[in-house]
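Trainee: On the provided structure of chain A, position chain B as indicated by the hints.
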Amino acid sequence: MTLANHYSYWVIIFLAIAGLYIVIARGNLVKKLVGLSIFQTSVYLLYVAPGKLIGGTAPIVSPQFQVYSNPLPHVLILTAIVVGVATLALGLALVVRLEEAYGSIEEDEILPQDRDA
Amino acid sequence: MITSHLPILQVVVPLMAAPLMVVLRSGAAAWTLAVAASWTALAIAAGLFLEVAGGNVVSYWIGSWPPPWGIEYRIDIVNAFLALLVSFIAAVVIVYCRESVRAEVPRERHYLFYAMYALCLSGLLGIAVTGDAFNLFVFLEISSLSSYVLIALGRDRRALMAAYQYLILGTIGATFYVIGVGLLYLLTGTLNLADMAARLPAVSDHRSVLAALAFITVGISLKLALFPLHLWLPNAYAYAPSAVTAFLAATATKVSVYVLLRFYFTVFSGSGIFDDRPLAPIWITLSLAAMFIASAIAIFQNNVKRLFAYSSVAQIGYITLGVSFGSVYGLTAGIVHLFNHAVTKGALFMLLGGIALRLGTVRFDAIGGIGRAMPFTSFGIVLAGLSLIGVPATVGFVSKWYLVLAALERGDAWLAFAVVGSSLLAVVYVWRFVEVAYFREPTTEVARLREAPLSMLVPAWLMVLACFYFGLDTGVTLGGAGAAAESLLRGPR
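Sequence order for the protein chains is A and B. So in this note's numbering, spot 85 of the first sequence is number 85, and the numbers just go up one at a time. So in this note's numbering, spot 475 of the second sequence is number 1475, and the numbers just go up one at a time.
Chain A on its own, in the form it takes in the complex:
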């Protein structure tokens, strides 16, 4: 139970918190989406990293191998990546429409424009 043994988890936690921080702290709508993507990426790692066993092979039964890696997390995360890409694409499309409607992609400049309306 040393810090080095679990370094993949530290990477995951760092990415998750960094991503969430960007979403909260940045007013630029594109940067928010970047943060969101980083946050989602940390979850991909959370699934994929424990699936790999050191010295493990693909799970094809053979008398030469005793240790197998779990392939299921990879398949799950393939789906999650597709979802993430779709979210990012839709988010960016919305930002394009927002830019057309407001002439800005900064939250501080968009929100006041409707306050008097």
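Worth flagging that the hints you see were computed from the coordinates, not collected in a lab. Heads up, some of the hints might be wrong.
What the hints assert, rightly or not - Over the 12 angstroms line for every Cβ pair with chain B, so calculated as not near, a few chain A residues:
1) G51
2) I54
3) A58
4) I60
5) S62
6) P63
7) V67
Claimed, not checked - Taking beta-carbon pairs under 7 angstroms as the criterion, some of the chain B residues facing chain A (in silico):
8) Y1164
9) L1167
10) T1171
11) V1178
12) I1179
Yeah, the Cβ is synthetic: ideal placement off N, Cα and C, and Gly gets one too.
Mentor: Relative to chain A, chain B alone:
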């Protein structure tokens, strides 16, 4: 036999209809297809409900892979009740969509609107029928992504910002859910909800279980707009096209409540994780905050759609309050209020859509005297408002009655008073509409308005009448909710 494939058809029919609409590229054809798909979904949901009403559980193995290896669709009375609710609302709203969408969405985007509607429906139904935690996430995202698009199609440019904010918060919520499921998968090695429930007790002393519970709770609470995680909801409902507001307000948050119920009462209940942890007081506090604060904010809104959106946040408080009691009465109240609130809010937002169609706005300062110009629409809103307050003979009364019974059963008389007290706030905001609609002189612009078209009035009034029918004859709703509550409390089988 085709009937043995009903669980998968429930999802596949609307899912396949969506790309077909995009290929056809015609608004009228897409609408016809959407009607066919949602009515078929309703028929399937009714069939499934009848099949499991006796206490059976339908287990469908996708690709014939046996669970827990393959994805299992597992339908008991809880899922069936929810699928029936979602497809019923979808079937009614789609008829209403025709005129409303014609007025509010540019013509060249009509087929895309209906494609998104069908996708959203299939996502929501998928959440309802699936028995697999990761499959549930995928359906959650299908329904969420399509609802962001639907909201962004609103006429007002503020709809874009509302959709963007919902996208950010919704994605955070869904990602939290996946983190929770990932932790559970690491502990149990399974994604099948029933299998997970069976394996969790063996590892329940692990702190990761607690982390998973926290992540799933927060993630799903974001999606169901539990106070104070409701910030995306008022703008999204206020600026989305009227038909979308009616559909989402009646279904999307309800489905998220179901996910929460499923995890709390099926997956986690056997693991002993709730022992000695003060979860109920937290839920009760947040529910009460929703009931009072959101209702109070609703009173001061100038946009009627926003007013009822805040009221939705408050009504979700009633649902979670019932659930947090964890008793048969409490759960029954929560589940029956899922249905009752869906019908009531569906009716309200559909009728408001009629005003938006004729007048172009639903602001209080513009709709003065609308009661004379659009008598059927306004009277419908008042009747549905009565149900929101919880006047006897309406569905709202049924759920609040059970909520009060559940509170008294716990010996918490003050909670019963809180339920009644927050209903008084509902009286205030519904009265605001009555006052503006009936006691103000109509402006020349309002006086010229015609009544909403029949194709919108009939579905909306069907919902209004449903508020009263199910308020008097509670056999199906209370029976279904009671059986669902008992099935949930029995835990996993």
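Trainee: Compare the structure with each hint and give your call.
Mentor: Okay, the hints, checked on the actual structure:
1. G51: Contrary to the label, G51 (chain A) does not stay out of reach of chain B, its closest Cβ about 9 angstroms off (not over 12 angstroms).
2. I54: I54 (chain A) is indeed farther than 12 angstroms from all Cβ atoms of chain B, at 17 angstroms.
3. A58: Its Cβ never comes within 12 angstroms of chain B, the nearest being 18 angstroms, so this holds.
4. I60: Non-interface label on I60 (chain A) holds, nearest chain B Cβ at 17 angstroms vs cutoff 12 angstroms.
5. S62: Holds, because the least Cβ-Cβ distance between S62 (chain A) and chain B comes to about 21 angstroms, which exceeds 12 angstroms.
6. P63: P63 (chain A) is indeed farther than 12 angstroms from all Cβ atoms of chain B, at 24 angstroms.
7. V67: holds (16 angstroms)
8. Y1164: With a closest approach of 5 angstroms, the Y1164 (chain B) hint holds.
9. L1167: For L1167 (chain B), the interface hint holds, since the closest Cβ of chain A sits about 5 angstroms away, which is under 7 angstroms.
10. T1171: With a closest approach of 5 angstroms, the T1171 (chain B) hint holds.
11. V1178: holds (5 angstroms)
12. I1179: holds (6 angstroms)
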